[in-house]
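Residue strings, one per chain:
Number of protein chains: 2
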Amino acid sequence: MLAEIITIGDEILVGQTVDTNSNYMARELNLLGLQVHQITTVADDREHILHALADAQKRSDAVLITGGLGPTKDDITRSTLCEFFETRLINHEPTLKRIQDMFRAFGKEMMDVHYQQAMVPESCVPLENQKGTAPGMWFEHQGVIFVSMPGVPREMMGLMQQEVLPRLQKKFQTREIAHVTVMTQGMGESSIAERIEEWADQLSRDEIKLAYLPGTAMVKLRLSRYGNPGDQQIRELLNRKAKELMALLPSYAYSIGERSLPEVVGEMLRTRGETVATAESCTGGTIASLITSISGSSDYYPGSVVSYSNEVKVGTLGVSQVNLDTHGAVSKQVVEEMASGIRQMMNTTWGIATSGVAGPNGGTEEKPVGTVWIAVAGEEGVRSKVFRVGAERKSNIMRSALTALNFLRLEILRTPFGN
Amino acid sequence: MLAEIITIGDEILVGQTVDTNSNYMARELNLLGLQVHQITTVADDREHILHALADAQKRSDAVLITGGLGPTKDDITRSTLCEFFETRLINHEPTLKRIQDMFRAFGKEMMDVHYQQAMVPESCVPLENQKGTAPGMWFEHQGVIFVSMPGVPREMMGLMQQEVLPRLQKKFQTREIAHVTVMTQGMGESSIAERIEEWADQLSRDEIKLAYLPGTAMVKLRLSRYGNPGDQQIRELLNRKAKELMALLPSYAYSIGERSLPEVVGEMLRTRGETVATAESCTGGTIASLITSISGSSDYYPGSVVSYSNEVKVGTLGVSQVNLDTHGAVSKQVVEEMASGIRQMMNTTWGIATSGVAGPNGGTEEKPVGTVWIAVAGEEGVRSKVFRVGAERKSNIMRSALTALNFLRLEILRTPFGN
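Protein chains in written order, with the working numbering: chain A, 721 to 1139; chain B, 721 to 1139.
Because identical chains cannot be distinguished in the list, a pair is counted as satisfied if it fits within a single copy or across any two copies.
Okay, derived cross-link-like pairs now, EDC-like style, lysine to aspartate or glutamate, Cα gap no bigger than 16 Å in a straight line:
#  : residue 1 : residue 2
1  : Lys-929   : Glu-731
2  : Lys-851   : Asp-821
3  : Lys-851   : Glu-1112
4  : Lys-890   : Asp-781
5  : Lys-817   : Asp-832
6  : Lys-828   : Glu-914
7  : Lys-890   : Glu-860
8  : Lys-929   : Asp-764
9  : Lys-828   : Glu-909
10 : Lys-940   : Glu-731
11 : Lys-1105  : Glu-1131
12 : Lys-890   : Glu-748
13 : Lys-961   : Glu-917
14 : Lys-1114  : Glu-983
15 : Lys-929   : Asp-730
16 : Lys-940   : Glu-909
17 : Lys-961   : Glu-918
18 : Lys-891   : Asp-781
If you are wondering where the hints come from, they were derived from the structure by calculation, not from laboratory data.
None of these values were measured; they are calculated from a predicted model.
Given only the sequences and the hints, what does the whole structure look like? Please build it.
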């Protein structure tokens, strides 16, 4: 079953508003097993709307339309819908009554524009909008379903959940689409593709699709497959495949299911009753802000020191001046002392430290921009690694911070629980 | 001049990704005086892409295409473009060389997929992508401009700024839109609108348009006006208006021209030869990460302490246990001790401290979620204020961090230079 979305609104075409409605509708339609194959945004313009509707009529089984309704809009959309569906506007009593009740409840005066909201095309089934005045409209036209909804997100979402999605599922007896996402950190999109190529080629046998969704220093891998609603076997198949994928990307894949790295690491620490503190140079507080972005992180995170200057590295973290002088701040020796230092200072199970060249300045032949030393100190001592991140400061910082969290995750995994 | 945007990508059609690219392109095209009258998202599918291109060809003077070019994408987009423009793929030496240099710089191995990135349609003008491997492509086909760009936002934005927008302006001789942006922090969009209503109503006399561009805890106010390229009088008019606007929003408007608050505060400190350190509780390192996001911040920022636990507040920052017990961590007394403590510890001109309830948990009747105490300590003593931010954790943290930086900015302003 093919679906398509039409958004009517100048505010999107002038770049004032990001079209999040289409994103929501696309996700919901896909989960219902309706494949969305086009999203179109057109101006509040009769000709343009008619062209988009006619085009969609040729291509799709269901067409969802948002925007162009609502009291402050001129009536182009509603009248153009009437023209396209060869019908006329009539007053819809139940809608009028609902609007009148709403205004009575708010103790407000109804204006003409609000009475107009009760006028709907005769050939449609009006859909009750519990969150606003303009009703949704359900049309069946030459075998294609058209649904028109207001553009206000919460009104559209309310109509989708209460009216549109149930009707579409009933109408098309749709198959459900099941998704499983595997989260990875530290490996690029193309390297992953190369690493899992053989395995990925086999997926088609099970009618499973694999999608790469890259972010900063992380890539989501989404496995999806169509099936009948609530088919347990498919869920199991996808979970099995997700586990295979995890095994193919050891030390990079960190979660089955959409979770952030700070969430996952936080969960591990909480379960083990352990704590962590951070000593950040090049990441300048970003690891701390990632950890504390998780509610409840105070249970396993007492705090950290951002030691941007060498004075703080020496004075607060106890890094030896000799090491700073001989090896420089961006070195194995210094980053390991920072990790051990913060662990002692905050009296935690774990200590993380970073020291690197975030750029754009400060690079040398020996230590170019993007060189980052990361250390993790634990009960069994301190380990460190040098990483090469990119050339762009902000993404370098985020990359280094996530890499450090993943480094900690791996150290936790290789350390027997409850030492 | 009519423009149109085509986004190619299943990730948008399945609702996994919000199409922010189109929003950015639409805004930039409108600023250039090109009216965007349709935005279309289609699947990675030959027929579908061909149809969208042919449709756009009929309607528009310029068509911007993004997506479908990354290394793991099959080559449908590139080959379909060749088919539509009746041309063939050839190897583009300069692009290949640039990609090879990139990989050499990162010390990474090039894979086949990366060599393919250097293959471009013969009839296009390749546009240099300074942020990634896939080049942009500029086509002129039957009097219509088509531009194809990768879907990665920062790559697309780079290409737009450095290549596409200048070429479009030259090609269509569009009237330039001059604009000046005033940056504000700490005041909501509607409160600003109310405060400056009278002044804003006068703008139309000078044919000036005012746009509100809200972000997290900050609102950009953009003044724009059409004119001939390089018309000096218009720039002066806009700058005069921007200064009026600054005067109407004292303590909220912090910059004429697009600059971030950490940038502006950093500049002030640098000019005065002063330094700052931060002691963060509820903001958990976010102020530090904002300050250090600016290259060169080490000149005025030695570091900070994230004191999430009370032990660290007492042990490291020297907050008195008595104050913690009597007034609690979220209090005037404690936040002021934190600010003075970090200032002494790091031996800086200024100290900033935050302590609040970021939520979603931890709120009380007396101190509900969103209550944040912020203190700034300087040579003339310490001052603090309580702020009420929102209910959502992540935006509360960012809101508090930016509010703290703006608080520091105001303290710097009221302190005579060179004490």
